[in-house]
Amino acid sequence: MNWRKWNFILHRDIGYLCIGLTLIYGISGIAVNHISPRFNPSYSIEKSSLYTTPLAAGAEPDMAYIRSVLAEAGETGGFKNAAFLSPGILRIFVDGNTLDVETATGQVAMEKIRRKPLLFEINYLHLNKGKGAWTWLADIYGVAICLLAITGLLMIRGKKKSRGILLSFAGFIVPIAYLFIVL
Amino acid sequence: MKTSIAVVFCLIFFIASNVHSTEMQLGEPLTLDSVTAVSEINKHPEKYLGQRVLIEGLIIEVCAKRGCWVDIASDVPFEKIQVKVVDGEIVFPLEAKGRLARVEGIAEEINLTKEQAIEMARHRAEEQGTAFDPTTITGPVTSYRVKGLGAVIQ
Numbered sequence: 001m002n003w004r005k006w007n008f009i010l011h012r013d014i015g016y017l018c019i020g021l022t023l024i025y026g027i028s029g030i031a032v033n034h035i036s037p038r039f040n041p042s043y044s045i046e047k048s049s050l051y052t053t054p055l056a057a058g059a060e061p062d063m064a065y066i067r068s069v070l071a072e073a074g075e076t077g078g079f080k081n082a083a084f085l086s087p088g089i090l091r092i093f094v095d096g097n098t099l100d101v102e103t104a105t106g107q108v109a110m111e112k113i114r115r116k117p118l119l120f121e122i123n124y125l126h127l128n129k130g131k132g133a134w135t136w137l138a139d140i141y142g143v144a145i146c147l148l149a150i151t152g153l154l155m156i157r158g159k160k161k162s163r164g165i166l167l168s169f170a171g172f173i174v175p176i177a178y179l180f181i182v183l
Numbered sequence: 001m002k003t004s005i006a007v008v009f010c011l012i013f014f015i016a017s018n019v020h021s022t023e024m025q026l027g028e029p030l031t032l033d034s035v036t037a038v039s040e041i042n043k044h045p046e047k048y049l050g051q052r053v054l055i056e057g058l059i060i061e062v063c064a065k066r067g068c069w070v071d072i073a074s075d076v077p078f079e080k081i082q083v084k085v086v087d088g089e090i091v092f093p094l095e096a097k098g099r100l101a102r103v104e105g106i107a108e109e110i111n112l113t114k115e116q117a118i119e120m121a122r123h124r125a126e127e128q129g130t131a132f133d134p135t136t137i138t139g140p141v142t143s144y145r146v147k148g149l150g151a152v153i154q
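So the sequences go chain by chain: E and A.
Start counting the first sequence at 1; every next residue gets the next number (the numbering used here).
Start counting the second sequence at 1; every next residue gets the next number (the numbering used here).
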């Protein structure tokens, strides 16, 4: 078997192996490209406010008060903790929600967070938040993608040779031209 | 083929969905045993600057944009300290809010001119999607924080 045949086999099989991760990295790449104060690629963040019964003057907030605030806010998530941010501002943490309560007025500012289905998971992989073993797997994928590019380059021949050269050249020249313009 | 793809995606979804549900170890393993109180660092920062410290407390705020900082409540009411990490080295999940953390890192001092302080506060407000009034900053600001190297979130 000549080297072209081996090159083809490598390109084909590495290509199959890379389909899943290329889709994951590609979709996540688009999402994280657009991170802004208005767009979080991994979480939905919903802010709202409402009024609850104020804490009686001179009274200290206790679990009964926290439970009543949560009930009035319709919050059923598991209670995690509570802390005073400043005199009169009590922050209550429950699963998926943070409530800042102005105890004197009963005003509550809520911030609900929810993982975006699938996007959270693929961003977790793409941004290598887990570190450890995933670092190695992602490195292997990076090497595989490079091999895919090299074996692809070596496949350029025959009647479509000029088209292959032109498109490959464009793939290099676009980022280089961009850097040349912006730097 | 379609079934295989669906199974793979379900598996990824299942595994990643269970991330963060238990104790989380982020970054370098913790090496110190004795905890330095946040109030002690805030009160006598000169004793700790440049030193490796272990702090412990409730996470009251997390960077919503990149998970690159958290605020840890002090043992003294209404006080806190910021833990800043290098973007991407450690990513604090938003779900960490309201959980207890032990964080190890280097205590550092940040000196900002009035303009820099306004810019930083504006940036932070943008990240968190909160309102910011620049008139609240009236001069240069010196603050203390911990450059986070490793953390365990319970």
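Source of the hints: derived by calculation from the structure; they are not laboratory data.
Honestly, I wouldn't trust all of these hints.
A few chain A residues that don't get close to chain E, going by computed Cβ distances all over 10 Å [as the list claims (entries may be wrong)]: (1) Thr22; (2) His44; (3) Glu46; (4) Gln82; (5) Gln116; (6) Arg145.
Derived lysine-lysine pairs resembling DSS-like cross-links, with alpha carbons at most 30 Å apart [as the list claims (entries may be wrong)]: (7) Lys112(E) / Lys43(A); (8) Lys80(E) / Lys43(A); (9) Lys80(E) / Lys65(A); (10) Lys47(E) / Lys112(E); (11) Lys160(E) / Lys5(E); (12) Lys43(A) / Lys47(E); (13) Lys84(A) / Lys43(A).
Where a beta carbon is used, it is the ideal one built from N, C-alpha and C, also for glycine.
The hints, checked one at a time:
1. Thr22: 13 Å, holds
2. His44: 23 Å, holds
3. Glu46: Since the minimum Cβ distance to chain E is about 26 Å, Glu46(A) lies beyond 10 Å and the statement holds.
4. Gln82: 14 Å, holds
5. Gln116: Fine: 20 Å to the nearest Cβ keeps Gln116(A) off the interface.
6. Arg145: Its Cβ never comes within 10 Å of chain E, the nearest being 18 Å, so this holds.
7. Lys112(E) / Lys43(A): 34 Å, violated
8. Lys80(E) / Lys43(A): 29 Å, holds
9. Lys80(E) / Lys65(A): Answer holds: Lys80(E) to Lys65(A) is near 22 Å, not above 30 Å.
10. Lys47(E) / Lys112(E): 6 Å, holds
11. Lys160(E) / Lys5(E): 18 Å, holds
12. Lys43(A) / Lys47(E): 35 Å, violated
13. Lys84(A) / Lys43(A): Within the cut-off at roughly 19 Å; holds.
Taken one by one, the earlier hints fail for this structure at numbers 7, 12, listed in ascending order.
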